[in-house]
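Please put together the full structure from these sequences, using the hints given.
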Amino acid sequence: MPPEPCPDRNPLRNPYVGELHVHTAYSFDSIQAGVTASPRDMYRFAQGESIPLPPFAPESAQRTTQLRRPLDFAAATDHAEFFGEFRVCTIPGYEGFDSDFCVRYREQIEVAQDADRGRPPGSPLPQVFLDIALKLTEPAPTRFPLCGTDDEDCIAETSMVWQDEQAAAEEFYDRCTFTTFAAYEWTGNPGGANIHRNVIFRNDVVPELPTSYIEASKPQQLWSALDSQCLGGLPGCDVISIPHSSNFSQGLMFEPTNADGSPLSKEDAEFRASIEPLVEIHQHKGNSECKLDVLTNDEDCGFETYEKIFIIAIPRPGIFVPPLSFARNGLKEGLLQDEAVGANPFEFGFVGASDTHNATAGATHEADYRNTGHIGSLDWEPRRLLFFLAASGMESNGGGLAIVWAEENSRDAIFDALKRREVYATSGTRPTLRFFGGWDIPGTACDSQNAVEIADQNGVPMGGTLPAPPDRASGGPQFFISAQQDPGPEDEPGTPLERIQIIKGWVDAQGDAQEKVFNVAGGDRAADVDVNTCETSGEGYASLCTVWTDPEFVPGQRAFYYARIFENPVCRWSTMLCNELEVDCADIDNVPADFVECCSPVIADQRVIKERAWSSPIWYRPETL
Amino acid sequence: MKSPIVHFALLGLVLFVGARWLFPSERTERAPDTRIVISESQLAALVNQYEATSGMVATDEVRAELIQRFAEEEMLCREAQRWGLTEDNQAIDLRLRQKMAFVSDQEHSDEELERQARALGLDSDDAVIRNMLVHNMRLLLSTKGEQELTDAEVEAYYERERSRFARPARITGWHVFFSKDLRQSSAMAAARAAKAELDAEALEPQQAVGLGDVSPSGAHFDGKLARQLASRFGAEFAKAAESLPERQWSDPIETPFGAHLLLVQERTQPQTPPLSEIRARVAAVYKSSQRQKRLATAMEELRARYEVVVE
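Residue numbers (numbering that gives the first Met the number 0), protein chains in the order written: chain A, 0 to 624; chain B, 0 to 310.
Hints may contain errors.
Covered by chain A, according to a simulated footprint, are these stretches of chain B (three or more residues, beta-carbon under 8 angstroms) [to be verified]:
1. 177–184
2. 208–220
3. 252–261
4. 281–291
For each label pair, taking beta carbons as the anchor points, the in silico distance ranges come out as [said to hold, decoys possible]:
5. B:Gln48 <-> A:Asp130: 34 to 44 angstroms
6. A:Asn578 <-> B:Glu200: 48 to 58 angstroms
7. B:Glu106 <-> A:Gln162: 38 to 48 angstroms
8. A:Ala592 <-> B:Glu106: 33 to 43 angstroms
9. B:Ala44 <-> A:Glu581: 30 to 40 angstroms
Keep in mind that the hints were calculated from the coordinates and are not lab data. The structure displayed is predicted, hence computed values, not measured ones. Glycine included, C-beta positions come from ideal geometry on N, C-alpha and C.
Spelled out as structure tokens, the structure:
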């Protein structure tokens with residue numbers, strides 16, 4: 000018997016704010032950074048409670064943190080690699096407990112929890128941390144030699160951790176009010192290329208063990224495992240895989256090939272699109288939408304770029320990055336694949352997430368990131384957070400959120416919305432964004448109290464594919480785009496909107512992929528921010544709405560369209576922090592060594608940001624004609 | 000991947016390993032010393048630490064709390080020793096060797112370093128060792144004797160704890176919207192004028208919304224949590240929706256979008272759904288609360304058994 004509909008059930012869908020990329024003390028890097036918060040603590044935090052963060056000693060270093068606004072849904076996505084190893088390392092009695100690796104592992108946890116034992120900021124990462132990270136760069140890694148006969152100890156403990164992740168999700172799933180998912184992260188870095196995926200399950204019917212990079216060292220192997228152990232092999236089980244941080248995937252993330260390098264068939268492309276309906280395009284390790292000069296001249300593509308080819312490399316602004324590291328280029332490649340094989344493997348929508356390693360789901364506010372960082376004692380104080388942008392630095396910003404258009408706040412409704420890509424990514428704030436495409440959307444739709452109903456009846460929502468045009472359609476498709484600013488947390492008004500853009504990608508008559516950015520609503524009203532005081536000035540828009548018709552539509556050319564909205568400019572977290580530290584880069588000789596990072600180009604050239612949101616695309620396929 | 004049967008066997012192994020660790024049958028119980036003495040100087044240190052970090056003066060209540068916390072940790076450490084959690088524990092041995100090697104200027108064998116460290120009492124006052132023991136002992140006490148829950152137990156728990164599973168209040172209503180984008184600074188004045196009209200002549204909500212501008216989020220909302228309203232319209236709007244009397248138009252409420260007149264049609268009381276709908280959650284919460292309870296009972300027994308003195 001299906002459950003009762005939720006009180007706010009809405010056939011036109013409600014926006015639910017959350018994220019699907021959060022690490023807790025079950026992740027090797029979180030615990031190595033001194034984090035002790037469990038998945039349960041994470042869910043409590045997401046619901047608005049405060050949690051403590053490391054370091055825990057001395058007492059003067061102790062701190063707690065709390066969300067300004069709770070979330071509607073969340074999932075713990077701990078690194079499935081080494082779930083068992085780290086239990087073996089911390090439970091006396093296992094043979095592996097005494098291995099040299101485990102001894103160093105425990106030592107590092109102790110160091111991380113005690114601020115007095117912290118290494119100087121900018122020091123290389125601890126060796127045991129590097130050992131683990133490097134393991135994940137091996138093309139076909141084996142387990143560390145601490146797992147007992149046939150790795151049984153580690154596999155047994157992996158099962159314990161996986162069961163506890165499920166139990167926590169079950170305990171905090173409060174249908175209609177707060178949704179959780181059983182999930183984990185598959186953490187492959189072959190040769191240093193980040194091809195990580197978060198694996199999200201629809202409900203409590205899940206495989207007995209997670210499939211990590213140890214068991215499946217290629218994404219294709221991960222998908223077949225999910226297919227055989229869940230989709231096709233376990234009734235009631237449903238799963239999606241969400242890639243992230245393609246910006247340092249060295250072009251692998253959107254490579255249109257099978258594991259053996261062979262080209263995709265139609266079936267391969269269809270399978271890939273169905274199991275990976277979404278890409279996480281914004282998170283604390285930078286933005287993955289696009290990069291200026293990498294197959295684009297879009298000036299707005301220089302947002303929170305990571306400028307690294309490997310997570311523990313030094314950032315080099317302007318570094319060459321292979322084009323297929325970016326989602327927009329992936330979408331274009333998808334169109335070319337569709338031309339070639341008759342199916343689009345990269346038919347994906349967008350989500351944002353924090354990737355916090357503090358168990359602080361949704362802690363994406365610029366000021367929160369400035370205050371607490373995202374990875375335990377490694378970035379807990381200003382000088383460490385600042386150095387996190389440099390040599391061994393791993394992050395760059397507070398990350399983003401996913402806002403889902405679902406009928407109600409339940410696992411099924413949210414999971415269905417994720418699968419049909421009716422979801423959008425934000426850079427951390429919470430503006431509202433609706434996007435529909437169709438052939439009969441009246442130009443006056445925005446003037447109606449029932450605008451969304453009209454758009455929904457006459458179009459497909461974000462994530463969909465335009466239906467065949469009616470015979471009488473003479474021009475291009477229309478797009479209804481409606482955006483409202485984030486009203487902000489209590490006593491802290493949000494930032495007004497600046498503009499709406501449509502990004503169109505298509506395949507031209509020569510068979511080449513093209514892109515173009517259209518400004519479709521709003522515009523520059525000379526809004527500004529004083530980088531010394533962070534005070535904003537000038538006007539913006541509380542809401543924007545328009546019905547836009549593609550003036551360059553060519554019926555024979557396949558295309559995608561997505562909406563991007565900008566907020567007015569504000570201070571970046573680093574600007575707030577460096578102002579607070581009273582750093583004067585004009586007088587560089589007198590800047591304390593701890594804070595010189597404030598004057599590095601990575602920070603000094605990026606003092607202002609425009610928070611933004613990206614709708615999932617809508618596709619047009621000439622085959623529908 | 001291995002077959003499910005192998006996994007099942009592994010689960011058995013887990014239970015075996017867990018049981019071996021949790022209930023170490025071959026350990027000999029030693030009666031621990033049940034008198035805990037906190038010296039005045041130890042207490043002073045605790046109080047100083049509290050005052051330095053909180054910036055507040057420690058009241059008598061706080062002092063009692065500090066003593067209690069200190070004493071409970073000590074009890075758990077002593078119990079951990081009694082349960083043999085410190086024996087053959089290489090983590091502790093290693094820690095002792097490291098500490099001893101640091102203070103000793105001579106080369107010694109591992110065994111000798113451990114012996115010296117224990118002789119100096121480093122095993123009982125090292126913060127890291129204590130933390131580990133306290134954590135392990137809490138886990139042991141909270142899971143001791145745990146068994147699968149029966150349906151009847153879950154049902155009884157649900158009946159007992161109904162309010163705990165109550166879902167928060169839901170709000171249904173309408174708002175008349177005056178857009179700041181369209182009216183700039185006159186939005187509030189327009190809202191006040193419309194309120195005067197509504198006061199003079201009662202209108203159905205569907206008609207009333209015509210007095211204002213088109214709201215991009217719609218004029219009607221159904222069954223929303225206050226949190227959802229805050230997310231769409233801001234905290235002021237949500238607070239009003241939580242507190243306004245039902246079925247009457249509010250005075251103008253100012254938000255980042257402009258001004259709103261709000262009508263709460265219905266605000267439901269928090270409600271508990273039937274068990275069939277939330278059984279999995281109830282079972283999960285019950286299991287976790289049982290662990291907390293088991294721990295609390297065990298701590299109570301410990302407190303009864305131990306004597307705590309400040310001298």
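These are the hints, each one checked on the structure:
1. 177–184: Our answer is that it holds, as 3 residues pass the Cβ test (under 8 angstroms) against chain A, meeting three.
2. 208–220: holds (count 7)
3. 252–261: holds (count 4)
4. 281–291: Three-residue rule met by the stretch 281–291 of chain B, so holds; n is 5.
5. B:Gln48 <-> A:Asp130: 34 to 44 angstroms: Given range 34 to 44 angstroms: holds, Cβ gap about 36 angstroms.
6. A:Asn578 <-> B:Glu200: 48 to 58 angstroms: Between Asn578 (chain A) and Glu200 (chain B), where Cβ atoms are some 54 angstroms apart, the hint holds.
7. B:Glu106 <-> A:Gln162: 38 to 48 angstroms: holds, 47 angstroms
8. A:Ala592 <-> B:Glu106: 33 to 43 angstroms: Hint holds: Cβ distance 38 angstroms, inside 33 to 43 angstroms.
9. B:Ala44 <-> A:Glu581: 30 to 40 angstroms: With Cβ atoms ~35 angstroms apart, the hint holds.
Hint compliance for this structure: every hint is met.
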